[in-house]
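Throw the hints in and build the complete structure from the sequences for me.
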Amino acid sequence: MALLLILLPLLAAALAVFLKVPAIRVRVLPVTALLHLGLLLVLLRGWRELPQGAWLGLDALGGWVLLVISVLFTICALYAPSYLALRPDRDHRVFTVCLLAFLGLASLLCLARHPGVAWVALETMTLTTAPLIYFNHNRHSVEATWKYLVLGSVGIALALLGTLFVAYAAHMGNLEEPLHYTRLMAEGERLSRPWLRAGFVLTLVGYGTKMGLAPLHSWKPDAYGETPGIVGALLAGGVTSCAFLALLRIYGVVAAAGEGAFARELFLGFGILSMAWALVFMVGQLDFKRLLAYSSVEHMGILVFGIGIGGLAARFALFHLAANALVKSVLFLSAGNIHRSYASKQLPQVTGAIRRTPVSAGLFFLGFLAITGLPPFAPFISEFNIASAALTLGHPIAGTLFLLLLGGIFLTMSDTVMQVVFGVPSPQRVRTPYKDTFATTAPLVVAMVLALGLGLHLPAPLRAMLEAASQTIEGGPPARSGKMAEVPRGLAPTEVRP
Amino acid sequence: MSPDFLIALTMLTNFTLVATSRVNKAIQLAVFQGILLGLIPLAMGLGKHTHILLLALVAIAVKGGFIPYLFRRALRQVKIRREVDPYVGYTVSLLLCAAGTGLSLVLAHALPLKAGTTPTFLVPAALATLFTGFLLLVSRRTALTQVVGYLVLENGIYLFGLLLVEEMPVLVETGILLDLFVGVFVMGIVINHIHMAFDSTDTRFLAELKD
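So the protein lines, in turn, are chains A and B. Take the first sequence: its letter number 136 is residue 136 in this note's numbering, and every next letter is one higher. Take the second sequence: its letter number 172 is residue 172 in this note's numbering, and every next letter is one higher.
Honestly, the hints are just simulated from the structure, not real lab data. Ideal Cβ positions, reconstructed from N, Cα and C, are used throughout, including at glycine. Each hint should be verified, as a subset may be incorrect.
From the structure, some residues in chain B lie toward chain A, with a derived Cβ separation under 8 Å [as the list claims (entries may be wrong)]:
1) Ala110
2) Gln146
3) Val182
4) Gly183
5) Leu206
Next up, the structure:
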């Protein structure tokens, strides 16, 4: 049954290749997305019964990430027909096929129980998303695509080497293939330490490049800046989440082997560096799509920072994955609408968008408030809990830096966003026929409502899944709590529950 | 042929690669290296396992047949002969490559090998080849030479993979080979588009996007 989650989008992609009528082809997207989401919701009931030794299967962690991606994809797929109708000049066939293939590969990655399979899924995903970045077929988009391909491929090559190192660590410990995650984690003590550590560093750098952690993020502003908003949303909430999952799987093995402390220090370093780097490049950023790209660098930093703190913060890092994906979809899609309306994404040309596209600009502003951590939206819950865990679990300096950086980013980001949304209309502005319609804004409203709802209430089944997922990444289920002792102990942090 | 001889030849190819200015020759060398790597598992006497024999043949076919074909096609379309004015000169590249190879030997020394591993040179050779690939990627301007760098980088990883070739599931290895092939294919298409957009494959022109 789980195989269907992978096959459904891939078959739909194959179907889209052969469909001649553009109006029907584009409808394949929302239909597939809704079917995928429905199927996933049914299958998610069984995340507790993962068969031993299976090559594919849903566990709490993979299920959670795939749920986030499936919801995000559905929002984007509902938006796609109205967007593509605005771009009759471009090749819709390649675009539709690549989007559907992305969903299939994301499913493969989330279901994969073997690091090699996960790697193949992520590499193929890099290749299928490249044509999406090249959608506009101009000099800028070819430049962005080339950088994305070369940097992404090198990063992913390093991740492969890291994966092979981990496999060799198992080989040294006389563990034979197939090395499923469950087995690697159960036999953690037998892995050779030098190879495991070297392997983790390589996978961190490799998958970190795909996630866009500073200083390995240089493809990100170019790619996000030059693609349609819909692709930006999928990259910022989907592809990066996939790379994060692949990294978390390896981290789970490292933590189960008792080397978690070493890995967490690296996570903390990369987290703080990414947030600081994003802050610096957000100052005076005139291009609002690039601004969102740096915001994505920041939020990838928050994710690894949370994992680096561990315990409660790790659980809320996973929660943040969903919060970030939902709010980023609102931001990228509304930015795309504003871009359409002004035929520009630069500041002097685009000001006072609230008058021309009131719904999109309003959503863009709400998205900005949400992503920078204002209550009661979901990112507030995760950012608050990560900070409070950092301060109470023995990382006072890192926690303080985290809060300072969040504050700084709010201030710098608001500078550009306020001008785009509320500024005095520029005399250089261009008139375009684009007007906000129901079809181009309703999916965004859904995403915004979901982000708000998640901030107010997390349903019990999701909470249970999230807890199990955070135990998986820290080295194993609580039944084997002997391995969990390395989670730093301190004052019990007070958790603000959504 | 002993595997040690093939591994030494692979490492020598690294040096020739960084010292050549002709794009055509760089491609030939990377392909030659790929075929060498395909032969190593056979020289290690692993040909008796059918799945390894098959994988080695597929690797040789992909790296010695399909990939050169893709390169020749790209080369015909973009009509480029020489790497002019690289970011790092050939002499410096050669010195860096030598330093990288030395460093690989030191690094490999720090990583213990399982007792009874026969070609002990495999790990330093893999790291050195990886480093060479990196060097080519960052020091050359032409998009085609950068793809050669990516190919050499993958060769380095393949070399390390030989340590695990008896254990690795066939499924995973086939996936990796397929991805390499498709990766080069997609890059070839993008190079063609770079050529159409800029009338050159010099990546120096790909610098319009910045903050």
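Problem - Hint check against the structure, violated hint numbers in rising order - result: none
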